[in-house]
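Peer 1: Sequence:
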Amino acid sequence: MPKALEIQEYVSLAPYTTLKIGGRARFFVRVVEIDHVPAAVKFASNKGLPLFVLGGGSNILVSDLEYPGLVLHVSLRGKMMRPVPDGSPDDVVIMNAAAGEDWDDFVKYCVGWNLAGLECLSGIPGFVGGTPIQNVGAYGQEVAETIVDVSVYDRQTDDVRSLSSNECGFGYRSSIFNSTEQ
Numbered sequence: 271m272p273k274a275l276e277i278q279e280y281v282s283l284a285p286y287t288t289l290k291i292g293g294r295a296r297f298f299v300r301v302v303e304i305d306h307v308p309a310a311v312k313f314a315s316n317k318g319l320p321l322f323v324l325g326g327g328s329n330i331l332v333s334d335l336e337y338p339g340l341v342l343h344v345s346l347r348g349k350m351m352r353p354v355p356d357g358s359p360d361d362v363v364i365m366n367a368a369a370g371e372d373w374d375d376f377v378k379y380c381v382g383w384n385l386a387g388l389e390c391l392s393g394i395p396g397f398v399g400g401t402p403i404q405n406v407g408a409y410g411q412e413v414a415e416t417i418v419d420v421s422v423y424d425r426q427t428d429d430v431r432s433l434s435s436n437e438c439g440f441g442y443r444s445s446i447f448n449s450t451e452q
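Start counting the sequence shown at 271; every next residue gets the next number (my numbering).
Check the hints yourself; a few may be wrong.
[Unchecked claim] Simulated pairs of lysine-lysine, DSS-like, Cα-Cα distance not exceeding 25 angstroms:
(1) 378 <-> 349
(2) 290 <-> 317
(3) 378 <-> 273
[As the list claims (entries may be wrong)] Quick list of the computed label-pair ranges, beta carbon to beta carbon:
(4) 389 <-> 296: 17 to 27 angstroms
(5) 309 <-> 285: 20 to 30 angstroms
(6) 336 <-> 360: 23 to 33 angstroms
(7) 285 <-> 357: 45 to 55 angstroms
(8) 444 <-> 312: 24 to 34 angstroms
(9) 363 <-> 319: 22 to 32 angstroms
Derived from the structure by calculation, the hints contain no laboratory data. By construction, the Cβ of each residue, glycine as well, lies at the ideal position given by its N, Cα and C atoms.
With the hints as constraints, model all of the structure from the sequences given.
Peer 2: See below:
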């Protein structure tokens, strides 16, 4: 049975950032199930509130002033190997990871399974969900080189759907998520 959406009021954002500073949010929700995303967005829309999506809090500074809207904290968890399409080479493995998984832990998990492709991206702070947004990279490697597809919530259509790597429009430290489709 799905857990109910729990929207809290006046929540300090400091514990949700790596610098442990900042004020509070008027409304706050920890999203632990994918069905909570549309419900939280609808809550903000119905109340005419701005919406801020917060992941690992590693690339933001939060003001001491109260945020007047809803902060949606991505807390989706889970990782697993996914079946590969028929006809794929024998050495291909596809991993799924939820947006709220710690990125470095996910890299370590893959390395622990002797999977190549992400090892140069170890040590990057944040959550898995943030990596395609800015196409994180290090040592000549970018996450775009390993992404097969990304599940997204489309606010225009109110649907969760999958975008192929090509549809993500990856460029140097960019994607459609931080440029054309914010």
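Peer 1: Now tell me if each hint is right for this structure.
Peer 2: Status of each hint after checking the structure:
1. 378 <-> 349: holds, 12 angstroms
2. 290 <-> 317: violated, 29 angstroms
3. 378 <-> 273: Between residue 378 and residue 273 the Cα gap is close to 30 angstroms, so the pair fails against 25 angstroms, i.e. violated.
4. 389 <-> 296: 17 to 27 angstroms: Cβ of residue 389 to Cβ of residue 296: about 41 angstroms, so the range 17 to 27 angstroms is violated.
5. 309 <-> 285: 20 to 30 angstroms: holds, 23 angstroms
6. 336 <-> 360: 23 to 33 angstroms: violated, 55 angstroms
7. 285 <-> 357: 45 to 55 angstroms: holds, 47 angstroms
8. 444 <-> 312: 24 to 34 angstroms: holds, 29 angstroms
9. 363 <-> 319: 22 to 32 angstroms: For residue 319 against residue 363, whose Cβ atoms are near 41 angstroms apart, the range 22 to 32 angstroms is violated.
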